[in-house]
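Below are the chains, spelled out letter by letter.
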Amino acid sequence: MSKTVELARHLEKLHINNMYKNDFYWTWDKTEEELDAIFTVADALRDLRERNKSTRIFDSGLGISIFRDNSTRTRFSFASACNLLGLEVQDLDEKKSQIAHGETVRETANMVSFMADVIGIRDDMFIGEGHKYQKTFMDALEEGYSDGVLEQRPTLVNLQCDVDHPTQCMADLLHIIHHFGGVENLKGKKVAMTWAYSPSYGKPLSVPQGVIGLFTRMGMDVVLAHPEGYEVMPEVEKIAEENAAKSGGSFTKTNSMEEAFVDADIVYPKSWAPFAAMEERTKLYQAGDQAGIDELEQRLLAQNAQHKDWTCSEEMMGKTKDGKALYLHCLPADITGVSCEAGEVDSSVFDRYMVPLYKEASYKPYIIAAMIFLSQVKDPAKALMEMDASGEHRKNH
Amino acid sequence: MSKTVELARHLEKLHINNMYKNDFYWTWDKTEEELDAIFTVADALRDLRERNKSTRIFDSGLGISIFRDNSTRTRFSFASACNLLGLEVQDLDEKKSQIAHGETVRETANMVSFMADVIGIRDDMFIGEGHKYQKTFMDALEEGYSDGVLEQRPTLVNLQCDVDHPTQCMADLLHIIHHFGGVENLKGKKVAMTWAYSPSYGKPLSVPQGVIGLFTRMGMDVVLAHPEGYEVMPEVEKIAEENAAKSGGSFTKTNSMEEAFVDADIVYPKSWAPFAAMEERTKLYQAGDQAGIDELEQRLLAQNAQHKDWTCSEEMMGKTKDGKALYLHCLPADITGVSCEAGEVDSSVFDRYMVPLYKEASYKPYIIAAMIFLSQVKDPAKALMEMDASGEHRKNH
Amino acid sequence: MSKTVELARHLEKLHINNMYKNDFYWTWDKTEEELDAIFTVADALRDLRERNKSTRIFDSGLGISIFRDNSTRTRFSFASACNLLGLEVQDLDEKKSQIAHGETVRETANMVSFMADVIGIRDDMFIGEGHKYQKTFMDALEEGYSDGVLEQRPTLVNLQCDVDHPTQCMADLLHIIHHFGGVENLKGKKVAMTWAYSPSYGKPLSVPQGVIGLFTRMGMDVVLAHPEGYEVMPEVEKIAEENAAKSGGSFTKTNSMEEAFVDADIVYPKSWAPFAAMEERTKLYQAGDQAGIDELEQRLLAQNAQHKDWTCSEEMMGKTKDGKALYLHCLPADITGVSCEAGEVDSSVFDRYMVPLYKEASYKPYIIAAMIFLSQVKDPAKALMEMDASGEHRKNH
Numbered sequence: 000m001s002k003t004v005e006l007a008r009h010l011e012k013l014h015i016n017n018m019y020k021n022d023f024y025w026t027w028d029k030t031e032e033e034l035d036a037i038f039t040v041a042d043a044l045r046d047l048r049e050r051n052k053s054t055r056i057f058d059s060g061l062g063i064s065i066f067r068d069n070s071t072r073t074r075f076s077f078a079s080a081c082n083l084l085g086l087e088v089q090d091l092d093e094k095k096s097q098i099a100h101g102e103t104v105r106e107t108a109n110m111v112s113f114m115a116d117v118i119g120i121r122d123d124m125f126i127g128e129g130h131k132y133q134k135t136f137m138d139a140l141e142e143g144y145s146d147g148v149l150e151q152r153p154t155l156v157n158l159q160c161d162v163d164h165p166t167q168c169m170a171d172l173l174h175i176i177h178h179f180g181g182v183e184n185l186k187g188k189k190v191a192m193t194w195a196y197s198p199s200y201g202k203p204l205s206v207p208q209g210v211i212g213l214f215t216r217m218g219m220d221v222v223l224a225h226p227e228g229y230e231v232m233p234e235v236e237k238i239a240e241e242n243a244a245k246s247g248g249s250f251t252k253t254n255s256m257e258e259a260f261v262d263a264d265i266v267y268p269k270s271w272a273p274f275a276a277m278e279e280r281t282k283l284y285q286a287g288d289q290a291g292i293d294e295l296e297q298r299l300l301a302q303n304a305q306h307k308d309w310t311c312s313e314e315m316m317g318k319t320k321d322g323k324a325l326y327l328h329c330l331p332a333d334i335t336g337v338s339c340e341a342g343e344v345d346s347s348v349f350d351r352y353m354v355p356l357y358k359e360a361s362y363k364p365y366i367i368a369a370m371i372f373l374s375q376v377k378d379p380a381k382a383l384m385e386m387d388a389s390g391e392h393r394k395n396h
Numbered sequence: 000m001s002k003t004v005e006l007a008r009h010l011e012k013l014h015i016n017n018m019y020k021n022d023f024y025w026t027w028d029k030t031e032e033e034l035d036a037i038f039t040v041a042d043a044l045r046d047l048r049e050r051n052k053s054t055r056i057f058d059s060g061l062g063i064s065i066f067r068d069n070s071t072r073t074r075f076s077f078a079s080a081c082n083l084l085g086l087e088v089q090d091l092d093e094k095k096s097q098i099a100h101g102e103t104v105r106e107t108a109n110m111v112s113f114m115a116d117v118i119g120i121r122d123d124m125f126i127g128e129g130h131k132y133q134k135t136f137m138d139a140l141e142e143g144y145s146d147g148v149l150e151q152r153p154t155l156v157n158l159q160c161d162v163d164h165p166t167q168c169m170a171d172l173l174h175i176i177h178h179f180g181g182v183e184n185l186k187g188k189k190v191a192m193t194w195a196y197s198p199s200y201g202k203p204l205s206v207p208q209g210v211i212g213l214f215t216r217m218g219m220d221v222v223l224a225h226p227e228g229y230e231v232m233p234e235v236e237k238i239a240e241e242n243a244a245k246s247g248g249s250f251t252k253t254n255s256m257e258e259a260f261v262d263a264d265i266v267y268p269k270s271w272a273p274f275a276a277m278e279e280r281t282k283l284y285q286a287g288d289q290a291g292i293d294e295l296e297q298r299l300l301a302q303n304a305q306h307k308d309w310t311c312s313e314e315m316m317g318k319t320k321d322g323k324a325l326y327l328h329c330l331p332a333d334i335t336g337v338s339c340e341a342g343e344v345d346s347s348v349f350d351r352y353m354v355p356l357y358k359e360a361s362y363k364p365y366i367i368a369a370m371i372f373l374s375q376v377k378d379p380a381k382a383l384m385e386m387d388a389s390g391e392h393r394k395n396h
Numbered sequence: 000m001s002k003t004v005e006l007a008r009h010l011e012k013l014h015i016n017n018m019y020k021n022d023f024y025w026t027w028d029k030t031e032e033e034l035d036a037i038f039t040v041a042d043a044l045r046d047l048r049e050r051n052k053s054t055r056i057f058d059s060g061l062g063i064s065i066f067r068d069n070s071t072r073t074r075f076s077f078a079s080a081c082n083l084l085g086l087e088v089q090d091l092d093e094k095k096s097q098i099a100h101g102e103t104v105r106e107t108a109n110m111v112s113f114m115a116d117v118i119g120i121r122d123d124m125f126i127g128e129g130h131k132y133q134k135t136f137m138d139a140l141e142e143g144y145s146d147g148v149l150e151q152r153p154t155l156v157n158l159q160c161d162v163d164h165p166t167q168c169m170a171d172l173l174h175i176i177h178h179f180g181g182v183e184n185l186k187g188k189k190v191a192m193t194w195a196y197s198p199s200y201g202k203p204l205s206v207p208q209g210v211i212g213l214f215t216r217m218g219m220d221v222v223l224a225h226p227e228g229y230e231v232m233p234e235v236e237k238i239a240e241e242n243a244a245k246s247g248g249s250f251t252k253t254n255s256m257e258e259a260f261v262d263a264d265i266v267y268p269k270s271w272a273p274f275a276a277m278e279e280r281t282k283l284y285q286a287g288d289q290a291g292i293d294e295l296e297q298r299l300l301a302q303n304a305q306h307k308d309w310t311c312s313e314e315m316m317g318k319t320k321d322g323k324a325l326y327l328h329c330l331p332a333d334i335t336g337v338s339c340e341a342g343e344v345d346s347s348v349f350d351r352y353m354v355p356l357y358k359e360a361s362y363k364p365y366i367i368a369a370m371i372f373l374s375q376v377k378d379p380a381k382a383l384m385e386m387d388a389s390g391e392h393r394k395n396h
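Protein chains in written order, with numbering that gives the first Met the number 0: chain A, 0 to 396; chain D, 0 to 396; chain S, 0 to 396.
Bear in mind the hints are in silico, worked out from the structure with no lab data behind them. Where hints are given, some of them may not hold.
Put simply, identical chains are the same to the list, so a pair is met inside one copy or across any two.
Listed below are the simulated EDC-like cross-link pairs for lysine to aspartate or glutamate, each with C-alpha atoms no more than 16 Å apart in a straight line [what the hints assert, rightly or not]:
| id | residue 1 | residue 2 |
| --- | --- | --- |
| 1 | 394 | 150 |
| 2 | 245 | 31 |
| 3 | 131 | 22 |
| 4 | 202 | 279 |
| 5 | 2 | 227 |
| 6 | 323 | 58 |
| 7 | 320 | 11 |
| 8 | 394 | 378 |
| 9 | 282 | 293 |
Given the sequences, and given the hints that come with them, work out the whole structure.
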């Protein structure tokens with residue numbers, strides 16, 4: 000029995016009817032079995048690809064990508080996932096388009112979606128805006144479909160919003176599932192999701208929020224550490240608490256990086272901006288107050304600079320379980336002495352974990368493909384088995 | 000019998016041999032049967048897609064798109080059409096390319112077309128230039144093909160030029176054909192193609208010209224209304240007159256929006272620039288006279304502002320047939336109080352017609368696909384029947 | 000027997016096992032039989048396409064293109080080649096990406112390659128940098144593959160570096176092979192690879208270097224002509240000398256354009272920058288010395304201007320074999336009186352050779368496709384025969 004058949008049989012047992020034709024906004028919208036299904040399909044698609052089996056479900060069709068911020072990795076991950084399933088990516092680039100001329104989101108959403116099967120949106124810049132944009136966009140498509148404007152109702156993959164970064168955090172989690180030899184081995188593992196110093200400012204909160212909102216479901220002991228003033232969204236902290244209570248894990252907070260690192264099995268040191276400051280920034284942008292924005296930037300950089308000791312140094316790594324915690328990062332990292340004078344991580348630490356970091360990233364295209372697959376295929380277990388049995392190859396000759 | 004088979008049988012009876020391997024510049028180049036064929040194939044492709052039938056005619060091949068102006072809708076429509084038929088879009092972006100370094104159109108045309116099956120060009124900015132550019136480009140490819148440089152002679156879809164906007168106007172027309180329950184019901188319907196105020200300047204004339212050049216062939220009573228000074232190209236007016244005489248409809252002109260709206264079945268209020276001013280602008284651009292361009296812009300904006308009463312208000316809509324004329328627009332519209340202080344249309348009117356407007360737009364990808372299909376498939380009726388009978392799906396599993 | 004079968008039988012006899020899963024940096028890395036294989040596959044793919052046979056080897060997969068300089072022709076050639084084989088192109092545009100934020104090449108290389116089969120890189124701007132970048136990129140992928148990060152190890156097509164321009168020069172050579180009726184007819188032909196005046200500065204050396212490094216392998220008499228001070232890389236001159244010695248041809252240098260043109264069968268007059276000046280420029284860029292760069296530009300333009308007599312005039316063409324040497328250019332050319340006041344070639348000469356020039360360019364997509372094919376297909380002769388026998392069409396209906 001191939002690995003894919005094994006995975007498909009596992010998939011058959013999961014209650015995932017709700018995923019078909021549905022969107023992916025946040026991991027906490029999804030049940031444990033639904034998340035399990037995504038990991039299962041991701042592993043199966045990877046296995047099929049390794050064995051040169053075709054995984055196309057589309058003969059034609061478009062995946063629309065919308066990046067409201069620069070992006071290489073996520074862009075390529077989405078393009079790879081779409082291509083693997085037979086969709087062609089069309090990028091809605093606001094600089095190329097007339098959107099700046101005052102089109103409403105509703106109109107644009109319909110206009111670009113006549114032949115779209117999937118929409119991928121990254122909108123992480125402004126607290127209070129990213130998720131709202133995605134929701135408005137998809138509501139418009141729901142309406143367009145029920146009004147008979149669209150032949151099909153495309154499904155959403157949230158490629159990062161102001162609240163969650165589900166494709167990143169699920170790739171992170173699939174990585175540690177494989178690293179520790181199975182999801183059952185994650186119970187009781189200590190995870191340090193900690194703030195780290197970076198000379199840049201205004202980095203999104205979606206990764207720390209996504210991590211505490213997801214990892215707490217696995218029975219892990221999740222510690223969120225940051226200097227005072229770098230709080231994340233309270234709604235997400237509440238979700239993390241509830242998750243931990245249900246899963247038999249824990250969710251704690253501290254203002255000491257060291258406390259988080261001590262005996263940790265996994266560390267995820269990463270810079271982010273204070274939630275309150277990001278809210279302020281959103282308002283300044285809305286008001287077009289450039290002087291205010293510049294002033295805020297200076298203030299935040301100065302605030303960051305007070306916490307240069309929050310860095311993933313060798314000394315700090317030494318405090319983790321056997322000095323060998325698994326180091327995670329969504330990349331790119333600010334590496335001390337490499338990409339900046341002082342940053343999130345020592346170069347010797349980063350270099351030691353380079354291969355695991357690349358593996359961590361390698362799951363993202365498969366996670367995205369699995370999200371698309373489960374929202375587009377009615378009987379995903381049967382589809383995987385058919386692909387496994389099929390003589391159709393990804394590469395011929 | 001499926002709808003597609005029905006449509007294919009209709010197609011069989013049409014005399015359309017001239018479409019194969021031919022270009023689409025202007026609707027008035029085409030016979031009534033050729034236009035009928037495009038509507039027929041567009042409806043069939045949509046029916047096939049709704050029934051999840053594969054409509055790929057290409058296993059590989061490129062659709063080259065050239066946009067000499069920003070564009071979201073047309074870009075996505077062309078990409079959707081190409082994808083539906085199996086072509087991959089490659090965009091010739093002059094900013095990315097060396098064209099600015101003085102390459103001639105002829106050379107560029109050949110260099111990008113070695114594996115191109117279809118060329119889509121939008122060049123609507125400069126009166127006297129858009130069509131010329133398309134013609135020069137396609138003549139070069141004709142020559143390249145006969146010289147043995149190109150393996151195939153790609154066919155053109157005019158995605159908008161300075162004279163006509165055939166993909167838009169045919170989508171508009173297919174929309175009203177379906178809205179009124181068949182092309183036979185259009186006879187005697189009154190259409191008001193009218194100028195409307197917009198705070199922007201220099202909008203292309205291709206839509207009003209395309210509409211009067213096409214709708215007059217359907218036996219409709221087409222009224223072109225605009226303030227004095229906003230005349231369109233006299234050559235196109237002449238075509239509209241001839242069409243009306245042949246089709247048993249009429250083509251009239253007026254300087255009163257109200258006169259056009261009274262008892263109209265269909266209204267198409269839209270801003271455009273005066274033809275003479277656009278000719279002047281082309282010359283100023285050619286001379287690189289920026290001061291002249293700026294002065295012209297100010298003059299045109301001031302001229303526009305004298306006609307703010309040319310707006311599709313509720314009051315004006317009340318004058319149409321039963322107060323319920325079908326409102327058309329190529330989108331995006333300048334909506335009073337939404338995208339501008341005063342514009343082409345009241346927001347309450349626009350909102351009431353939003354769903355029909357989106358449906359109108361939804362025909363465009365299928366119109367483009369039908370144009371490509373008819374220029375690339377030797378026996379289109381047979382091809383549609385084979386697709387209908389085939390077990391190949393657009394989406395599998 | 001079809002042309003493709005004939006070519007496939009020839010291919011069977013060649014020793015080309017080393018090409019599978021291997022990169023293409025420079026032509027002088029490859030054996031004569033390997034180069035022969037590329038020409039053979041290029042001709043076969045063209046024949047298959049002309050006969051409407053499908054040449055897809057990929058059902059899905061990505062071709063990653065990286066252009067560190069503007070490019071239309073090479074961009075479209077690469078896209079055409081990928082499309083012909085079933086790969087979708089994803090362009091890594093540094094302006095769109097976070098690379099500018101300090102990502103290392105190694106990290107980027109892995110991040111964009113999770114589902115990539117082919118990498119195409121053009122990096123010709125800076126002497127000493129272009130090849131190094133390609134090598135660093137591919138070494139990172141080799142490592143990523145052996146570390147288990149990547150499912151496959153993509154192969155490289157050098158789309159131009161600071162040293163060689165193999166896709167261009169092999170297209171040039173395939174053109175002259177067909178022009179002279181076979182590779183055996185090239186022996187003893189005189190080729191003038193000469194510098195020519197252009198009003199722009201800093202053109203890459205990769206074409207003259209590629210030509211002398213490749214054409215000398217065919218038993219031709221290759222003359223490199225340029226004004227004093229316009230020397231190319233000495234390493235490549237050495238390769239040309241060794242090639243000529245082995246092939247029974249010759250490689251000579253002169254500072255007289257006329258000497259090179261006299262009795263030449265083929266002329267390739269083209270501007271390039273002096274190697275030493277390009278080395279200097281690289282250092283100025285690395286130091287961020289804009290004043291130095293500007294000063295260098297002025298100096299080089301002035302130096303160029305001393306050699307306006309180095310132009311491919313009618314008079315100069317008259318000195319070639321029967322006045323009818325085959326004129327080559329990689330395009331776009333600087334044409335006197337057309338794209339500039341005084342340039343590389345008289346417009347009457349250029350116009351007379353326009354069709355051959357376009358044919359020359361038309362080989363490039365097939366050369367690229369052949370490079371990909373030979374690096375991705377284990378038994379290329381068998382694959383071509385299967386494609387020839389297959390009923391699968393590129394265009395259906």
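Quiz item: Against which earlier hints does the structure fall short, listed by number upward?
Solution: When the structure is compared with the hints, numbers 5, 6, 7 turn out to be violated.
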